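Engineer: Listed below are the residues making up each chain.
There are 2 protein chains.
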Amino acid sequence: MMGLPFAVRGGFSDGRASLFLKLLRSYTRISVQEMNPNMRKLEYAVRGPIVQRAIEIEKDLLKGEKKPFDSIIRCNIGDCQFAGQIPISFIRQVTAVACDTHLMDSSAIPDDAKERALRFLKSYATHILILNLTFVFHALTNRNLLLKQGSVNSGAYSQSTGVEVVREDIAAYIEQRDGIPASPENIFLATGASEAVKFILGLVATTKGGSQRAGVMIPIPQYPLYSATLSEFNNYQIGYYLEEESGWSLCEEELEKRLEEAKAHCEPRVLVVINPGNPTGQVLTRANIAAVLHFAHRNNLLVLADEVYQHNVYAPDRSFYSFKRVLHELGGDIASEVQLASTMSASKGFMGECGFRGGYCELVNFDPEVRAHLYKCLSARLCPPVLGQLAMDVVVNPPQPGEPSYKQFCAEKSQVLSDLAKKAKLVENLFNQLPGYHCQPVMGAMYAFPRLELPPKAMRAAELAGMPVDTFYVTKLLEETGVCVVPGSGFSQKPGTFHFR
Amino acid sequence: MMGLPFAVRGGFSDGRASLFLKLLRSYTRISVQEMNPNMRKLEYAVRGPIVQRAIEIEKDLLKGEKKPFDSIIRCNIGDCQFAGQIPISFIRQVTAVACDTHLMDSSAIPDDAKERALRFLKSYATHILILNLTFVFHALTNRNLLLKQGSVNSGAYSQSTGVEVVREDIAAYIEQRDGIPASPENIFLATGASEAVKFILGLVATTKGGSQRAGVMIPIPQYPLYSATLSEFNNYQIGYYLEEESGWSLCEEELEKRLEEAKAHCEPRVLVVINPGNPTGQVLTRANIAAVLHFAHRNNLLVLADEVYQHNVYAPDRSFYSFKRVLHELGGDIASEVQLASTMSASKGFMGECGFRGGYCELVNFDPEVRAHLYKCLSARLCPPVLGQLAMDVVVNPPQPGEPSYKQFCAEKSQVLSDLAKKAKLVENLFNQLPGYHCQPVMGAMYAFPRLELPPKAMRAAELAGMPVDTFYVTKLLEETGVCVVPGSGFSQKPGTFHFR
Chain A
1 MMGLPFAVRG
11 GFSDGRASLF
21 LKLLRSYTRI
31 SVQEMNPNMR
41 KLEYAVRGPI
51 VQRAIEIEKD
61 LLKGEKKPFD
71 SIIRCNIGDC
81 QFAGQIPISF
91 IRQVTAVACD
101 THLMDSSAIP
111 DDAKERALRF
121 LKSYATHILI
131 LNLTFVFHAL
141 TNRNLLLKQG
151 SVNSGAYSQS
161 TGVEVVREDI
171 AAYIEQRDGI
181 PASPENIFLA
191 TGASEAVKFI
201 LGLVATTKGG
211 SQRAGVMIPI
221 PQYPLYSATL
231 SEFNNYQIGY
241 YLEEESGWSL
251 CEEELEKRLE
261 EAKAHCEPRV
271 LVVINPGNPT
281 GQVLTRANIA
291 AVLHFAHRNN
301 LLVLADEVYQ
311 HNVYAPDRSF
321 YSFKRVLHEL
331 GGDIASEVQL
341 ASTMSASKGF
351 MGECGFRGGY
361 CELVNFDPEV
371 RAHLYKCLSA
381 RLCPPVLGQL
391 AMDVVVNPPQ
401 PGEPSYKQFC
411 AEKSQVLSDL
421 AKKAKLVENL
431 FNQLPGYHCQ
441 PVMGAMYAFP
451 RLELPPKAMR
461 AAELAGMPVD
471 TFYVTKLLEE
481 TGVCVVPGSG
491 FSQKPGTFHF
501 R
Chain B
1 MMGLPFAVRG
11 GFSDGRASLF
21 LKLLRSYTRI
31 SVQEMNPNMR
41 KLEYAVRGPI
51 VQRAIEIEKD
61 LLKGEKKPFD
71 SIIRCNIGDC
81 QFAGQIPISF
91 IRQVTAVACD
101 THLMDSSAIP
111 DDAKERALRF
121 LKSYATHILI
131 LNLTFVFHAL
141 TNRNLLLKQG
151 SVNSGAYSQS
161 TGVEVVREDI
171 AAYIEQRDGI
181 PASPENIFLA
191 TGASEAVKFI
201 LGLVATTKGG
211 SQRAGVMIPI
221 PQYPLYSATL
231 SEFNNYQIGY
241 YLEEESGWSL
251 CEEELEKRLE
261 EAKAHCEPRV
271 LVVINPGNPT
281 GQVLTRANIA
291 AVLHFAHRNN
301 LLVLADEVYQ
311 HNVYAPDRSF
321 YSFKRVLHEL
331 GGDIASEVQL
341 ASTMSASKGF
351 MGECGFRGGY
361 CELVNFDPEV
371 RAHLYKCLSA
381 RLCPPVLGQL
391 AMDVVVNPPQ
401 PGEPSYKQFC
411 AEKSQVLSDL
421 AKKAKLVENL
431 FNQLPGYHCQ
441 PVMGAMYAFP
451 RLELPPKAMR
461 AAELAGMPVD
471 TFYVTKLLEE
481 TGVCVVPGSG
491 FSQKPGTFHF
501 R
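For the protein sequence lines, the chains are A and B, in the order given. Per UniProt numbering, the very first residue in the first sequence carries number 1; after that it's consecutive. Per UniProt numbering, the very first residue in the second sequence carries number 1; after that it's consecutive.
Here chain A stands alone, though its shape is the one from the complex (with noise of 0.2 Å):
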């Protein structure tokens, strides 16, 4: 609101004047109307209205309310610990010493965890070494002396881009799992695999100014940070369905064809693939990946790669396939040109360590100039949760052979694994024995989305509550059953169809 001119303060003398002036000074909040439509159009079903429904039902509950269920069992979030999955000993060991280094001294905690803690804070640390190498050697010849100075630890901020030890085992890791070289300095460590993806689409983010809006390409159904990203960016989405009666698979036709349409309202510049699928579940074939990267390559795309659960593939004639081995392998123009982001976490996999928010992103061919300016961006926010990027590297460097925690790391890596094997078949099969539901596959992630036939009385009854028909399912179903699940629309879904993750 503009300043009051002096000529009006000064050019009345009754009532009418005071209450004008009121109303023209008194403070004005941001409100809706006012505030970043993109943040208001901003969307996230997995943490939406149903859920929120579903805290306040278990809060009732545990004021004594009565209903026809004890407990809420929350399928809404990708979170298995949350469902009650243990974590695995050996991240928790290496993160328990590297709060507390004291515990170098205990027994409780095995000796290649305090190892592995240990290489991470000198890693780290390196710059304090350094201030007096004298001490430094009597430290690398006595540890405890070292730790107990308090000299390293995990409180100091790391650099932007994560650890360099950590940063150097994800290189080993890539290189190990595609067979073709890797470099620590195409890598950075985030705050989640999330927090990776924000980077990436906020380089083609729509600003105030520019001629166009930039056109992102995402699956449907898709994960809903995508779509929640590209509203706060104001990106144009491009959906592309993929077909569900094979399987949720990624057919180039239909990339062709949205895009060609899509380009009247956008430029295109960017492609999201998650592989294995969520909320679908499906994992790509090597041949399907490579007509990706042909379509791509044909249309100037930079490939953001979701490859979050990699470790999760469950279907035995599929295997993970990662977008940077496909693109190598195909070699010419294509592999030396194609920009590809492609992200990982610690939140997902076997060890599902969601809340230490660790995760990390590999560019491939990325102008350097363009990922020094993606650096510079990173160091703003300072460093991702140091305590997430040792749990990232354990992840990517676990026990080997003769260590002493390599049995009961293989051991309970592979129980977490065949679980969710179980699971995931389970849930297949019993989905389609019910009248009503079908559900493809689940090769992989951690996700079936069955599909939902209702009877005409059940959409009628949907349309007169005024919520599409999944909505009205989950709904019933929460309060009903006390089983939350998100609702197809959440994840979007071609017109006519009905699932829910």
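Treat the hints with caution; some may be incorrect.
Put simply, identical chains are the same to the list, so a pair is met inside one copy or across any two.
Unchecked claim - Taking lysine to aspartate or glutamate and the DMTMM-like style, the derived pairs with C-alpha atoms no more than 25 Å apart in a straight line are:
1. K41 - E412
2. K198 - E43
3. K208 - D317
4. K59 - E164
5. K59 - E168
6. K59 - D111
7. K63 - E185
8. K122 - E56
Please keep in mind that the hints were generated in silico from the structure rather than gathered at the bench. Just so it is clear, the structure is predicted and the values come from calculations on it, not from any experiment.
Go by the hints and put chain B onto chain A.
Structural biologist: Below, chain B without anything else, positioned relative to chain A:
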């Protein structure tokens, strides 16, 4: 790039055609020119070129290269543990046991640290507990059973706004600090205070199609997170100068003047105040804060109060007054109208736990709908690091008299704070004794921002080197002595004056 029309594809038969086709069809990756210009423009001096150079020198030293010094002394960042400060034991013990709950059995962790971790994990895992009420009953009477079952641990996502018990503890801390009510509903946890700042300024981000750029007033000198975030959101920066001669005080006339000037270029929406000051170390008086709040009220500005140094006040004649407290005490329309967001961090104060990335923000007088949209946006990033939340919890709810860790905690805290106070005085006195330096009193925070007066010869040398005078000076300082500081230009300063932090 548009698809190539078929007619053109067939229209040539010579070498030029294939070159033409190749040029048209070759893949174009995102270049610096095409990337988001807001990310390109962003600058963050605290980790800028001078720090990059310091890292290079460190590597040279490690390789055995000879320099006039043995090590780099990095004074570029407010990271006390990095500079050798020993962490507060209790924070480390509580987080360690939350990492590895088997430590509940270890004598290395005191009982009150175990209790604190358990209380946190119980609040955090309410949803898991109610799955099985019989189990909970046993669990509450036998914590080891509960924890060994792995049902309560720090691996799950928390609520997006943060663990309930932490928000309650923060509210209680604020109530005790200010003597006025605070509600957990108005508090959200963040990945360091930096993330909270980004969410608040995001509310007024300049968007495509919006009528005017939103103006945000920030102090000059400022902490460059603010200028970086304004670049990112394409906001109009309205710098107001702090008055160096009177101890970097904040002058109402200066605010008025800069606001009036800016109105031609933007719509002013937010006023940022950093108290205690970064990089300037001043502590605002109560009267000064009241004047700022009146100014904000008259001009419809949201006040973003960066209060992360609230534990760092050293001047005997100053105390920390929160903006919220002064706002409340002003009463009337102002108290009930002015929108205020106040940030706090686990990274500063006596704890210096930068690596945990813990922080919070309290909202005052926000429109409930706007708050709901803000919290919805928080949910898309899932949650802040859980152990960072726990570190923040210990800061606001430290050991109490009679608890086993009380004495040690108090001793460690007062040791750190008295060391910081001594150093503040030492630095201030030292600079004021050196010719060519002037340093205002360091009343609080963690920095001195001395002013340099360089001889004309040095001024000319800087000009010849094509550098701002202060950048030239700190570069020489780094190369010749190994001391790394940040030039004043990174924080902005009055034209013609030169400083460093």
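Engineer: Could you run down the list of hints and mark each one as holding or not?
Structural biologist: Going down the list of hints, with the structure as the test:
1. K41 - E412: neither (42 Å within a copy, 47 Å between copies)
2. K198 - E43: Classified as both: same-chain Cα gap 15 Å, cross-chain 19 Å, threshold 25 Å.
3. K208 - D317: For K208 and D317, neither the intra-copy (48 Å) nor the inter-copy (47 Å) Cα distance is at most 25 Å.
4. K59 - E164: Classified as between; 13 Å across copies, 45 Å inside a copy.
5. K59 - E168: Classified as between; 16 Å across copies, 46 Å inside a copy.
6. K59 - D111: neither (44 Å within a copy, 30 Å between copies)
7. K63 - E185: So K63 and E185 pass the 25 Å test across copies only (20 Å; inside, 54 Å).
8. K122 - E56: Cα proximity of K122 and E56: across copies only (18 Å, versus 46 Å in one copy).
Hint check: violations occur at hints 1, 3, 6; the rest are consistent with the structure.
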